[in-house]
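Number of protein chains: 2
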Amino acid sequence: MSFYDQLKFDANGLIPAIIQDQGTGRVLMMAWMNHASLEKTIATGKTHFWSRSRQKFWMKGESSGHTQTVKDIAFDCDGDTLLIQVEQIGAACHEGYKSCFFRSVEDRGAGFKTTEPQLETPERIYGKK
Amino acid sequence: MSFYDQLKFDANGLIPAIIQDQGTGRVLMMAWMNHASLEKTIATGKTHFWSRSRQKFWMKGESSGHTQTVKDIAFDCDGDTLLIQVEQIGAACHEGYKSCFFRSVEDRGAGFKTTEPQLETPERIYGKK
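Here the protein sequences come in this chain order: A and B. If you use this note's numbering, the first sequence corresponds to residues 100 to 228, in order. If you use this note's numbering, the second sequence corresponds to residues 100 to 228, in order.
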């Protein structure tokens, strides 16, 4: 039975993909895929997503060079979420952090703190706009 | 500045929460929270979610006993996804696996395989329905 038959894309034809660094176990980001970007991810071995804000197909790292090489694609019991193991080049976050989850809650929600170093500035990654 | 001010709930008032086992780094599940379930999670230290299919507030483990004790709550650069570190009692998945992501793609999407042992059967967890 095909893997695709197990999946449930949402009303917009999308499925969330959690991206995890295979070496460290760090969760790097979550982004959305449609059927075409998932096929492209499997065919090329590099993660491709669908941007909901830009309504655009994109390859992770296409402008930054921070690509993700796919090592494993898992899916959950309900078939409505993907968990993809990758090797991440550079920072996964467009703000220059290894992981997009670089801030954590403090004081029971009253505040938050930054929990990891910024590896690069967005200006260095993408150049001056 | 409050942590809540950083978050963007979707059109249905929901935000996805990735649940990760703090000890092993295993991603256990993804589920959805509304503002009330997030507040309850922070107040009690146990994960609470909003079920989209049942339209119901629930505490993880309320019928199975497989509760999750919260160790850290992180949020991503866009403020539209949570990453929660927990201590998981028993199986996170209602199908009796430690993680809901117990199947992975094989043969470039043509098939899939089970990647971890089933710890318990659903019948043992929930009793005969």
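These are computed hints drawn from the structure, not numbers from a lab. Be aware that a few hints might be false.
Copies of one chain are not kept apart here, so a pair can be met inside one copy or by any two copies together.
[What the hints assert, rightly or not] Pairs of lysine-lysine, BS3-like flavour, derived with a Cα cap of 25 Å: (1) LYS212 / LYS155; (2) LYS155 / LYS145; (3) LYS197 / LYS145; (4) LYS155 / LYS107; (5) LYS212 / LYS170; (6) LYS139 / LYS107; (7) LYS197 / LYS155.
Now the hints, each set against the structure:
Taking the closest pair of Cα atoms, LYS212 and LYS155 never come within 25 Å of each other, the shortest separation being 32 Å inside a single copy and 32 Å across copies. Proximity of LYS155 and LYS145 under a CA criterion of 25 Å is satisfied intra-copy only: 17 Å inside one chain copy versus 37 Å between copies. Proximity of LYS197 to LYS145 under the C-alpha cut-off of 25 Å is restricted to the intra-copy arrangement: shortest distance 18 Å within a copy versus 28 Å between copies. In the homo-oligomer, the alpha carbons of LYS155 and LYS107 lie at most 25 Å apart both inside one protomer (21 Å) and across protomers (21 Å), since each shortest distance falls under that limit.
For a Cα distance limit of 25 Å, the shortest separation of LYS212 from LYS170 across copies, 15 Å, qualifies, whereas the shortest one inside one copy, 31 Å, does not. Only within a single protomer do LYS139 and LYS107 lie at most 25 Å apart by alpha-carbon distance; the minimum there is 18 Å, versus 29 Å between protomers. For the identical chains of this complex, LYS197 and LYS155 are intra-copy neighbours only, at 24 Å inside a copy versus 35 Å across copies, given an alpha-carbon limit of 25 Å.
Of the numbered hints stated above, the single one contradicted by the structure is hint 1.
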